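Chemist: Just so you know, the protein sequences line up as chains A and B, in that order. Following the numbering used here, the numbering of the first sequence begins with 1 at its first residue and continues without gaps. Following the numbering used here, the numbering of the second sequence begins with 340 at its first residue and continues without gaps.
The hints are simulated quantities; they were obtained by calculation from the structure and are not laboratory data. In this text, all values refer to a predicted model and were calculated from it rather than measured experimentally. Worth double-checking, as some hints may not be accurate.
What the hints assert, rightly or not - Stretches of chain A that chain B covers, calculated by requiring three or more beta carbons in the stretch to come under 8 angstroms of a beta carbon on chain B:
#1 151-159
#2 211-220
As the list claims (entries may be wrong) - Here's a subset of chain A near chain B, in silico, CB distances under 10 angstroms, partners left out:
#3 Val79
#4 Pro80
#5 Gly124
#6 Val135
#7 Ser137
#8 Lys139
#9 Ala144
#10 Cys147
#11 Tyr169
#12 Pro173
#13 Leu332
For every residue, glycine included, the Cβ atom is placed at its ideal position computed from N, Cα and C.
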Amino acid sequence: MKKTAFIGALTVAGLAAGMASAGTLDDVKERGTLNCGVTTGLVGFASPDANGVWDGFDVGVCRAVAAAVLGDSDAVEFVPTTGKTRFTALASGEIDMLARNTTWTFSRDVDLKFEFVGINYYDGQGFLVPRDLGVSSAKELDGATVCIQTGTTTELNLADYFRSNNISYEPVPIETNAEGQQQYLAGACDVYTTDASGLAATRAAFENPADHIVLPEIVSKEPLGPLVRHGDNDWADVVRWSLNALIAAEELGVTSANIEELAAAPTGNPEVNRLLGTEGELGAMLGLDANWAMMAIAAGGNYGELFEKNIGENTPIGLARGLNAQWTDGGLLYSPPFR
Amino acid sequence: MTSVTDPPQGSFRLSMLLNDTRYRSYTFQFIALVLLIAFMAYLGVNLVRNLAAAGLNISFSFLSDPAGYDINQRPIEYDSQSSHLRAAMVGILNTLIVAFLACVTATIFGVIAGVLRLSSNWVVRKLMSVYVEIFRNIPVLIWIIIIFSIMTVAMPAPRAFRGDNATSSMLFDSFAFTNRGVYAPAPVIDGAMGWIVIAVFIASIVGIFAYRRFATKKLYDTGQLLPTLWPSVAMFFVPTILVYFILGRPITLDYPSLQGFNFQGGLHLRGSLIALWFALAIYTGAFIAENVRAGIQAISKGQTEAAASLGLRPGRIMNLVVLPQALRVIIPPLISQYLNITKNSSLAIAVGYMDVTSTLGGITLNQTGRAIEAILLLMLFYLTISLLISGIMNVYNNSVKLKER
């Protein structure tokens, strides 16, 4: 019994630590599908629709990478991960990349040996409360019961926020967003806290979204982005520039509607030409086809299109662009040049 | 007449390791052992090499870093600035709390159900069969989630208790059943006087046992039967109550009351604890019931009939004749049920009960990324606690087993 358990642990440990080998790009090409880690279901970011087809903002990033590498935006195997299992899944090689509204932090980047390739959503932690609770500020939450997903940065931010404001709370640890929603709606917790985008998405799924308000306090910086394993720079480049291609495409006015036309022949804008592969050798430098970025953008549209379609103001989630607007529009999105 | 022939004392040759039945088994056991060690060494080297390749190392220094997260059920002082080690200790205590509660409750359920399964009353017998068959044939995780969901959905939220026309009210003004758990009055011990009352209470319990032992001895020595029931009852209540009032009621009850968002004060049994506790108790109780039934049925029917022909009533037959003998059969499988409860308590994670798997093996592991170290520590803890339980139960088993003279 002792020995068996020990062997089991070693095997797990071996899996967890061992498979961070180089060559993910070749593995993905050989396999013909991209294994992409997503949430277990957060409407707007990643959730399966009625037909079981995954859809959402994070899913769009996965599909763009799959399209860039394999030329097929459907060649993605979506692996649902919880806040706790996501890093093990990535470190063990079970997934090739993780696009699961994961906050870029120092320790995750440096200590856990991951590589955040960029930021696809600038977020911050907020609090969702029922309107009839009569609370208008997070500082009034002394003694409240708070539902919180375990294994997240929000858990630590929450502890810090309440401690620095010298108020108490009772944490109710939950595993998935669905569980949090159930507990919150049943009144087992007064407050649900997670990233403001997640709160908006969760509230959109309620029967009466208007009965719930997101408090004005945003208590942390949560830059969310896709990440890959440390040490495989070629693969990290592919994912990083696939994301940048989506952002740059919006800036350059390349949309899924006009991309066929723009990619057919070199245009007057040299950066568009380099992006779409009608000029230069950028694709070959990544080890991909010349039209890699075109495929990535055509998969679901550019960044702005993905945003509007999944979480924008015309969707039930109704998020404004805010910080997530292009730098030219006063936001923080700023893709390095394609050159 | 028997004669003992010594085995031939030939000189040992290397080929005897394979050809001689006296040595052959040692040879194969030795080979198996070497292979096992080689395999373990391979896994160990593989682990170390892969860790090195990933730039990681094995280090337990994270245990002294601040944990940074809060825990709702804290048997000992803890806040988010305490160390990960402290968080693990809180988790360990929470594991032990739920395991202890569940072991006691499961034993009570199990013994009652096991005895009643052999009842001569058809309805009672069948009801107990239904209990055993339903509860032990559905996985315990499902039971935990069922009980937790029922509590969450069916019970009122604390705000239902608020206002003049509240939809819910407290039982006897002291118990509140909410979907966040049960709030009950908690005793508050008021200084040294309070401890004196507790000391008197413990002393009177010791006194009861001493008196009963004395009565038994008297019965065996002189044949004189002393009354035991009412003196025991008197000793249980009278001294404690007297001291309690003489010292000016030094133990008070802290009643829960609705303040702000929650009930404050009193004892808070969280929904997660209740769900885990009862699920483990009813599930394992069904197994214990079968152990008890098997133990009772292992006692020959002649014993019961002999006791009956001596004029003993059925209750006394069970308590004085059957159960003491049945215990010998019941205890060994009971040990493994206790171990099962302790290990199954790690399913706490499903309802957010902060046991050691949730703190050390959950949040700490996640926040520090020290998976191997955390899992090794968890294994060490569960192994230690399991060996401890089985050690204690073996001592008890030795005290009830058949004394061979």
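Chemist: Could you run down the list of hints and mark each one as holding or not?
Modeler: Taking the hints in turn, this is what the structure says about them:
1. Against chain B, the stretch 151-159 of chain A contributes 5 residues with a C-beta closer than 8 angstroms to a partner C-beta. That satisfies the three-residue criterion, and the hint holds.
2. Counting residues of the stretch 211-220 of chain A whose CB falls under 8 angstroms from any CB of chain B gives 0; the rule of at least 3 is not met.
3. Evaluation of the valine 79 of chain A hint against chain B yields a violated restraint, the C-beta minimum of about 18 angstroms exceeding 10 angstroms.
4. Interface hint status for proline 80 of chain A: violated, as the beta-carbon distance to the closest one in chain B is roughly 17 angstroms, over 10 angstroms.
5. Below 10 angstroms, beta-carbon pairs count as interface contacts, and glycine 124 of chain A has none with chain B, the closest being about 18 angstroms; its hint is therefore violated.
6. Interface hint status for valine 135 of chain A: upheld, as the beta-carbon distance to the closest one in chain B is roughly 9 angstroms, under 10 angstroms.
7. With 10 angstroms as the threshold, the beta carbon of serine 137 of chain A stays out of range of chain B, its nearest partner Cβ sitting at about 14 angstroms, so the hint is violated.
8. For the restraint placing lysine 139 of chain A at the interface with chain B, the shortest Cβ-Cβ distance is roughly 13 angstroms, beyond the 10 angstroms limit, so the hint is violated.
9. At its closest, the beta carbon of alanine 144 of chain A sits 4 angstroms from a beta carbon of chain B; the interface hint therefore holds under the 10 angstroms criterion.
10. Given hint, cysteine 147 of chain A at the interface with chain B, holds; its Cβ is 9 angstroms from that chain's nearest Cβ, closer than 10 angstroms.
11. Because the closest C-beta pair between tyrosine 169 of chain A and chain B is about 7 angstroms apart, less than 10 angstroms, the hint holds.
12. Satisfaction of the interface hint for proline 173 of chain A is found here, the shortest Cβ-Cβ separation to chain B being roughly 4 angstroms, below the 10 angstroms cut-off.
13. With a cut of 10 angstroms, the hint placing leucine 332 of chain A at the interface with chain B is violated, because the nearest CB-to-CB distance is about 27 angstroms.
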